[in-house]
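Residue numbers (numbering that gives the first Met the number 0), protein chains in the order written: chain A, 0 to 180; chain B, 0 to 621; chain C, 0 to 243.
Certain hints may be false.
Derived DEER-like restraints, expressed as beta-carbon distance ranges [said to hold, decoys possible]: (1) C:Ala230 - A:Val100: 37 to 43 Å; (2) B:Phe592 - A:Tyr174: 30 to 36 Å; (3) C:Asp228 - B:Pro103: 48 to 54 Å.
It is worth saying that the hints were derived from the structure and are not from the lab. Backbone N, C-alpha and C define an ideal beta-carbon position, used for all residues, glycine too.
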Amino acid sequence: MTEPKKLRVATCSLAGCFGCHMSLLDIDEKLFDLLKVVEFDRSPITDIKTCGPCDIGIVEGGVCNAENVHVLKEFRKNCKVLVAMGACAITGGIPALRNNVDLWDCFQEVYHYGIGLENGQIPNDPELPLPFDKVHPINEVVRIDYFLPGCPPSADAIWQFLTDLAAGREPKLDYEMLHYD
Amino acid sequence: MTEHNVCDLPGIVARWNNDPANMVQILRDVQESCGTIPSDTLDQLAKLLGVPRVRIEATASFYHFFHAESHGAYEILFSDNIIDHMAGKEELKRYLCERLWLEPRKLSEDGLVYVDDTADIGLADQAPSMLVNGYAVPALDHSRLDLIAELIRNRKPLADWPPMLFEIPDNIRQAGPLTGEAFTPGAALLATIARGTDATLAELEAANLRGRGGAGFKTATKWASCRKAEGEAQEHAGPSQVLPGPLGGEPSVARFSGGAHYVVCNADEGEPGTFKDRVLLNSHADLVFEGMTVCARVIGAKQGLVYLRGEYRNLLEKLKSVLARRREKGLLGKSILGEQGFDFDIEIHLGAGAYICGEESALIESLEGKPGKPRNRPPFPDRCGYRNQPTVVNNVETFACAARIAERGSAVFTALGTPQSTGSKLISVSGDCQRPGIYEVPFGVTVRQILIECGAEDAHAVQVSGPSGTCISFREFDRIIAFEDLPTAGAFMVFSRERDMFEVARNFTHFFAHESCGFCTPCRVGTSLLRNTMDKLAAGKGSAYDMNEMKNIMHILLDMAHCGLGHTAANPVVQTMEKFPDAYEKRLMKLDFEPAFDLDGALSTARLITGRDDEWAHLAND
Amino acid sequence: MVILTMDKTFILDGKTIPFEEGETIMEAASAAGVYIPHLCHHPEFKPHGSCKLCTVSIGGRLGASCTNKAAAGMVVESETEALNADRRALTQMLFVEGNHICPSCEKSGNCQLQAVAYHLDMLTPHFTHFYPARDIDASHPDVLLERNRCILCELCVRASRDVDGKNVFGIGGRGIKSRLIVNSASGRLADTNLSVTDRAVEVCPTGAILRKRHGFTVPIGRRLYDHHDIAEVPVAGMKEPRSS
């Protein structure tokens, strides 16, 4: 008897807090069940740095800088199904609270006038991702197939969602699993 | 007119009977005499009129022509219809701004001039055109702008500007019963009195007169229903159904006791490309006023109101003098033509830059001093209109037709047109043709016939009845102007083969987004989403996804919007998509999906701040 | 209680709904315990008809159920896939029009905008966000005005005018630039006569008008809509279901 082919899954966090990933780990012992049907590609769980061809890509966080766009496009290119996980990926979330603060004011506050700063200067190192004027949800940059809201989505919701998807069902969240906070 | 005086608020308020229902008129007068409506004026008005400031502010901030900040001694607003663009409006605007050393939408440094755009001002046959301090100047070209720039630099008061700048010819290219035949003031009233009210209604019914504003509702039905309605305080459900009461609290409709009926003439001709009411009012106002008076006789109204769009400010004095003459002749006022109890007079109210006020219930809200937001219907105005009383609201041209029918009988009227669409129709022709202007045609005429008459050999498309109407392609030129095929308020914008129909539609989406009143969710948000998506396509960043999105938004607008503005706001996009797909496809770059915003552009601020321009400081828009 | 006769009923999604003369479809449906999604409607206030969520098919014609009167024999459809798709789209429009960041909002869990979105299975705001720049007014000692969350339902306008007799609120501007304004020359809430006990403060369906120092007092799990769909949560002021 041959093992059924496992679904290959990649995950990443863009402008997010990794809270959604923590919630993913909160699946706890059911992770073992999950691992029977999926295997992880690029993900903070595996520490693989680039995304190969995958069945499912799960993206946490919104898009706040140029690097986020590169990662997101890599995911879109390699993943058959792309999922926006959590409030930030879906609406911009908490990072989007900065959207009505002028970027110059943000930089000033962070690098010049913040508490404890002396002779601060704005870094211009090419290795640093350059920030956008505003933080955007990921569906404004690439086409997204599924949305899994929550801040974070509960472990149960993630479990429900992934098992539905793995079984080829249209994911459906029960009332109490659907929330935006 | 250029030196703004200290505003005599108590005088203005007294002139409008200390009645907060005249708030739009009061604010207009404040704006005209002060040049702005300063914030403290709102507090003074609140005290004088006994209404909460917040309600006055709601009205003052709704209308495009009202502003709290100074627009200088000269406020110049360029008409922004696609027809103006085709006639070189953008280049001319830049030219004038350069001559005056200023940027659009920014008061010049010396505080003298302000230049901006405004929705079509009803001069599409004489495009491009502008408003200077509310007064229309047509047929702009470099030499006229040179002259205007000089007049402004010399700070010449508008009253001393050469009158030829403000001359607006009627351009009647094809005359008919309304525009070409003599009318003796009083003739229709004499006939009405002789015939009696019932017989007059029967005559209108036999004539099968239908509303000329485009919707085509039967005039006789409307008048009969209004006549029957009890003139007493009724409550209607509406966005702001409360007439400002003396305590500013509870709904107050008791100011006028029962029995009042009103006649309202809708002269808020805001549909881009339409200008036939301007011509009727300029040269045939007697016919219009007489039609209103006939209506008053039929429904038993004592007061009539003309809601004249603010853009037609230049007609106000002339119309007032026509009204004065009619009073002298006993055609208005007490005991009209000597008949006891036939008392009726007409007052003119000016709009203040809001297309939505062409919708009859929004117009009534505006007449009552409120933001022009359409009411919930039913009840319709025939039962519950101005001051919640039974009100007939008809288009300018409808009243003119009614006067002709009262004067000559229905048979003469029905000799023209088709069985369902009787009589003549005024068509406002503009765009790519040799002879733009007014064509009074019998209903049933084909689009092709009008195109031949106006000299549009190279016509490729016609926008019938303005942005909210129908875009027809060269394949459909045998369709007819009639309620049963192409109903129209009168606009007829011609586009030649060279024109980009995508840009036509994009201009119209900007128009609707600017003119949405904001009352209902689908229109408030949907029109802006449409405009933004069309701009995205125009920037070369559109995709098949965006096309699909626009179709979805159209469905939501059609299903869910509160009034006709929202229902039709997506028409230009959907119709041009269907009839001129090439205009869209060439912009799509055959992509499935494109980001909602300009990725590289959104990094530009950060590049500026960090001084970076390295490879990683850019994003390719693939 | 009015005796209901057969001619004082209409059909809503196949169910016979009794009504009293002058009642709207919404009022009759609510009295019969049938939920029609809505945001600008509130049983205590005059119908407004602006959010359009409660749009139903009335004999094939679409209209807001909060402003259309019930009539004998009319056939009304509400729970159709097409109507709910439109309602979801309207809710999404409201989300992208403002700045609705639920995780940072004190009203989360008790918010009707959010609850209606849950009811309609809204997983994403879908449309491109406007991220408008809107003012927060914290000037009042007891009330916070957070315009980022205002959906222009005008419930506070109506409550202040019709119940509080104060006219503290109004809608200024037009179109997408419409905004909640207050009755003071300074434009500050502190300079109005608003009191924290006003009906206008309580009636806000979102987190736009909030009592200060009451944020996050109810823990997650015990909030109004944590376990119950908005269709099952009675609204204060709603008439008791009519016994049939």
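Query raised in the report: Which numbered hints turn out to be false for this structure?
Result: none
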